[in-house]
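So you can see what is in the structure, the chains are spelled out below.
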Amino acid sequence: MSELTEHPEKIIEANVTLKLGEFFTEARESKNLTLEDASNSLRLSVKQITALETNDFSILPEPMLTRGFIRNYAKFLEIDPEPLLLAYRHFFPIDAPQSIVIQSSNVSIGSGKNSLWLKYIVASVLIIIILAGWILYRDYMPNLHLNEPKPDAISSIKPIKNTPDDDSSQTSNVVEATHDEIAAQMNDSQTDKNSSQTQVVPVPIEPPAAATDKKPDIVKPEAIHKEPTVQASMDSAQPSGSKLRFSVSENSWIKVQDNSNKELLSKLEPAGSEEEVIGEPPFRIVIGNARGTKLMYQDKTVDLAPSTNNNVAHLTLE
Amino acid sequence: MFGILNSYFSNDLAIDLGTANTLIYVRGKGIVLDEPSVVAIRQEGGPAGKKTLLAVGLEAKRMLGRAPANITAIRPMKDGVIADFTITEQMLKYFIRKIHESRLFSPNPRIIICVPVGSTQVERRAIRESAIGAGARQVYLIEEPMAAAIGANMPVADATGSMVVDVGGGTTEVGVISLGGIVYAKSERVGGDKFDQAIIDYIRRNYGMQISEPTAELIKKKIGSAFPGSEVLEMEVTGRNLAEGLPRKFTISSNEILEALTEPLNAIVGAVKSALEQTPPELGADIAEKGMVLTGGGALLRNLDRLIVEETGLPVVVAEDPLTCVARGSGRALEEMDRLGNIFASE
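Taken in order, these protein sequences are the chains called B and E.
Okay, so the first sequence: first residue is 1 according to my numbering, each after it adds one.
Okay, so the second sequence: first residue is 1 according to my numbering, each after it adds one.
Take these hints with a grain of salt, some might be off.
[What the hints assert, rightly or not] The calculated label-pair distances, taken between Cβ atoms and stated as ranges, are:
hint : chain 1 : residue 1 : chain 2 : residue 2 : range
1    : E       : G181      : B       : I130      : 45 to 53 Å
2    : E       : I132      : B       : P93       : 42 to 50 Å
3    : B       : F92       : E       : D338      : 54 to 62 Å
4    : B       : D95       : E       : S346      : 31 to 39 Å
5    : B       : D95       : E       : I132      : 34 to 42 Å
6    : E       : P247      : B       : H90       : 52 to 60 Å
7    : E       : L300      : B       : D95       : 20 to 28 Å
Keep in mind that the hints were calculated from the coordinates and are not lab data.
Note that beta-carbon positions come from the ideal geometry of N, C-alpha and C, so glycine has one too.
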């Protein structure tokens, strides 16, 4: 170092492009320094100094560090580093910025199993919800539909009273009147009111002898489930209104629907009461307590036993 | 909804909140502000009076040591961390306003801010809070060695050891980085300020003269040296003679400054050595081959690289444009922040 300070040399040439290494060698030899001297001073390996002098930049680190090495070496040899750095630019014109993002496959470890379990759990919960929904729908939805009370139908049914006679043609009008808007009739006229009052038909407790007599004694439950085509012939033979009579010995729920699905009766009958319903057959009847109920259809006793399940009778009468 | 609007109207910022200088990098624009971290405050009407911000940055720095009694020039950062919270907040607010000039809405940017690696949780929280107080919508912290390494364009994401020594105004940060993370880092509260103080103390001790901080900084920049060089530089300095109490001129040489700086320089060398001791051998081999990179204003101290080469026996390279390395690095992180996650420091 002391020799260098005694002989400061100015070796600056513009024409150093592409002769970077030769320039270093020349400057070093003119100062009578060996590669080892340079290596000792710069703490770079002899291999790296040789690489700098032979323009072999492949074994040198990133351009940013190599430029630093060139600056340090130039400073050590007391030459201007700027033309040398310019020359280095010919080898590496672009100093691409180093990536600061680590390439990652982004597979998380540890949570993989958990997520699989989570998937199973979510899937099973979904299945359970769907099953429960289906069961609820199947069990309760039809009942809800059937249990819907219809106010006009209920208003048409009155408790049975002892009355002298019964006119079948009149009762058919009654049933048809129930199908219309009773409220509208009430507002319309007094005569309509009268007719609506006649809906409440007093029916004698005894079966009227003048009623239809062509019917068989007992309506077979098999006939209940007959198709409508068969019913048509039977309907033609019958008067338009048919009469149902329930004699209830124990509390029983009774529901009756006529051919247009109108509810003619839907209520809990107290023990010992009787109920008569007149409407258009076929009737769909549900009797909650089949043992405690006796059903007369067109004054014929209907056997409830074949259509009874668990003391509840579901039957259709034509 | 306002967040989206604000993000449209405010530029994201990366701030190198340094002890000596504050640099601000704006996304897509580069470094737009480089000013000293100095604030001048005027006290109006007695000690209980209102305080007003007189000047910030370069203007305020000129007032350092020259202000009358009612004006105080404050350096709110000390040793790399906040020494005066309110003033730092005001300073940041001023700088952020300055780069968002002629905006209808008050700026509400996302901010990346540098913290020394050795700063405590309380100090980091203070820096974060002051940035939020200055109007930041979201604050990310980045450790200075990481920012410096990115700014020096070192291969931080590769599986190779990169060592960076950032000598700043308040702290010296030594970090060994590999695979996008800091493997080992050490922070020493020694930097440019300690150099200045060491020069002031030396001159008072040996010459019986009192010099100001700006003069000490000037001496350091002109003739300061960390290693005996080939030439000896001299400089004429004016100070106040402590015995006479009068301004006097005297001449000081670079060798004396070298002597004055021995203590803080030893602290830096010690930090570098201890970092090398703690570095895993595989990364140590990488560093031995590639050397370490010096960044920060301290890297401009003459022959500091030479000193570290002699002390450690490893090659040392001074980064290009060392003063802005940290700001450029955090700016780079800002540009790619949507793809980065792990380089930001937690509190």
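Here is what the structure says about each hint:
Checked against the given bound of 45 to 53 Å, the beta carbons of G181 (chain E) and I130 (chain B), roughly 48 Å apart, stay inside it. Separation of I132 (chain E) from P93 (chain B) is about 44 Å and conforms to the stated range, judged on CB atoms against 42 to 50 Å. Our hint of 54 to 62 Å for F92 (chain B) and D338 (chain E) is violated, since their Cβ atoms are close to 30 Å apart. The hinted window of 31 to 39 Å between D95 (chain B) and S346 (chain E) holds, with their beta carbons roughly 32 Å apart.
Remark: the range hint 34 to 42 Å for D95 (chain B) to I132 (chain E) is upheld by a beta-carbon distance near 36 Å. Look at P247 (chain E) against H90 (chain B): about 55 Å separates their beta carbons, and that is inside 52 to 60 Å. Between L300 (chain E) and D95 (chain B) the beta carbon distance is about 21 Å. The supplied range of 20 to 28 Å therefore holds.
Hint violations for this structure: number 3 only, all remaining hints satisfied.
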